[in-house]
Amino acid sequence: MTDAPPALQPKRTRRRLGELLVDARVIDAQQLQRALTEAQVVNGKKERLGQTVVRLGFATEQDIARALAAQLHLDFFDGPAIPINDLLVNQIPSALAERNMILPLRMEPDGTIVVVCADPTNVVAFDDVRLASKARRVRPIVAPATLLDVAIKKAYGFDSHAGELIDALDDGGIDDADLDTVAGVEDAPIIRLVEGILGDAVEARASDIHIEPGREETVVRFRVDGVLKRFMSVPRSATGALLSRMKLMAGMDIAERRRPQDGRARFRSKSQEVDLRVSSLPSMHGEKIVFRILRKGAEQLALTDVGFTPSQLQQVLSAINRPQGLILITGPTGAGKTSTLYSFLGQLADEQHNILTVEDPVEYELPGINQTQVHERIDFTFAKALRTVLRQDPDIVMVGEIRDPETAELAMQASLTGHLVFSTLHTNDAPSAVVRLRDLGIPSYLIASSLTMVIGQRLGRSICSDCGEVTPPDERTMAALHLSPRDVENLRFRTGKGCQRCSDTGYRGRTGIFEILTVDSNVRELVSNQGSESALRTAARRGGMRTLREDAMDKAAAGIISLEEVLRTTTTDLVEAGSCPVCAQNVSDDFSLCPWCGVDLRPASCNDCGRHLEKGWKVCPTCGTPTAHEPKRPNAKPVLLVADPDPSVRAAVAVIADSDYTVTGVADGREALQSVHQTPPDAVLASVDLPDMDGADVVRELRARPVTANLPMLLMTDNGDVADPGVGADDVISKPLDADVLLASLDAARRRLTH
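Read in order, the letters of the sequence shown correspond to residues 903 to 1657 in this note's numbering.
These aren't lab readings, by the way, just hints derived from the structure by calculation. Just so you know, not all the hints are guaranteed correct.
[What the hints assert, rightly or not] Pair by pair, the computed Cβ-Cβ distance ranges are:
| id | residue 1 | residue 2 | range |
| --- | --- | --- | --- |
| 1 | Arg1289 | Ala1251 | 22 to 30 Å |
| 2 | Ala1382 | Pro1212 | 26 to 34 Å |
| 3 | Gly1526 | Leu938 | 29 to 37 Å |
Keep in mind the model is a prediction, meaning the values are calculated, not measured. Glycine is no exception: its CB is placed at the ideal position from the N, C-alpha and C atoms.
Based on the provided sequences and hints, a complete structural model is requested.
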């Protein structure tokens, strides 16, 4: 190595990475010492110093790479993606590239191989690359670690060789009888194909793998961040061998193809070891197989990492720190219920608590917690397991799922006898959990006595931190979410434009979306009296419950998830009874305004504390803040709405009532109805002769609506004729208006309201 270029000379002094970062003032000596002492072990491997520095927030990967390049007088790779040189990649072993985070870029005419690396101080790795490629010299270029990691996975990943393996299977073919022989041959195409699929799924952070046989081919799909996407396809001729190999590794009977089977397996990828839950289902063109990937370490999810907002976290901590009670988490399969339960147990696990779980199956092993798995085949059900667990002197019990009346009743009885019980239930939202328990035959008094909290949950894809950018919502999204320009004018919604780190999806990871129903005295009374689901929901909203849609919108406004995820994961909060709360006309759940009366059907919330506000409320019952329709000054004058096509009449009323009322005017009946519900007045004065609908019709319409049925209303007529008394007006006065008569009639109508 006497002919090494000058650029490599600084590395021959073997200066450590930390020293270079301190010299470049990327970090200081104190931060370096902390990074060295707080390095974590992930999947059996100790973190690199650069990874620790980034995790602790001392610097970004770009800062580290630029500083190293400048200190060592090397080039810095500043492109969006590192190109792949297939010829050179085949010369450098994958183990060497992955272990040392180094990738060959090009070979120069003088025999120098140019490599991209994250650590330019790794002299030994450069020697190995030079020997493997038979190059004269090695010239490093520094790149951010994440960018390099993506390129290495792309260069050496399974997808670059999958075609060759499939061709080999297609040509040779493997029968079920040959699989036992092939099982011990690591280089067999079928073994490499299955391991490649599993390995890529683990590296892609997939939660499930779907193997779906079809008439012409078998499709392999990965579920990443809750969304399925196609990964590859396998010819029909290789499908039998693929399915049989997968069943064999999961301990399933490869000869049985007519019945569903379940199995388990363990798989070690290049980066970590995972557990696999395997399920097979007979279909028209073969057996559909699904792998559920369970990652070790996922069970250590902290309660603060689940996705709770600070106020939600305070609610949850208040409930789980109680000595007894029943806490349910509801939602569909794949909503993250089990992970949330494990975070509760991790928060409570200590030497003072005896914590037992009953699960089907045990997904993760939790230290310090006794876990039991049910076995239906031997009649060891949830109910029987729970009955036995309660004899084990537990403090905290987790029941994986409430499926039957016996399990539900036992869980509730346990919560009443001094135990804290966690479980899950399959319902769409939190309030419907009570109805579901009733359907299981549980008495209402028992539900009311035992239930402490119900949490509805969904998972939304988090926006990629690398490529997320502020993006104003389009008209279609605003219409789907019933948003007006005023709703979004001060908010900065974000989307991910797509990058290598997130596989061009714009999303990376998921966060929880929650609906937390705390069982307070009002809700408990409704439960005891067998109140309806809608009544329970209303009481919960009054108690501060924010719906799944509201929580999702809050997270979208904070830039955590996109509005697209809000639509994908949650349903609308518009009126659910199918009728307008003002005019009682039938409305659809996608209406934001009632087409008959124009009332806003979207839920309102307090500007100060965020509490849900019911229609007609003047002030927030929690903090006392006046609503948007209530004057903020406590001694403000009442509002009189005048509906008359003649502006001189409206002006005359304004002069007459100026000392007692704030007068607003409209010219026609339709506008009057709209104004009443947009800015509710304290009294209405309408002319009989309005251009589109007469004043009598306006009064009839307002009297028929629940929120305006008692509103003081007077009619004005030109000819002195008394209007039809059946319309419901408080009084009828003639034009030209007499000031004393008008004021006396208004006062009388308002006194009627107070009495």
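Verification of the hints:
no.	hint	result
1	Arg1289 x Ala1251: 22 to 30 Å	holds (24 Å)
2	Ala1382 x Pro1212: 26 to 34 Å	holds (29 Å)
3	Gly1526 x Leu938: 29 to 37 Å	violated (54 Å)
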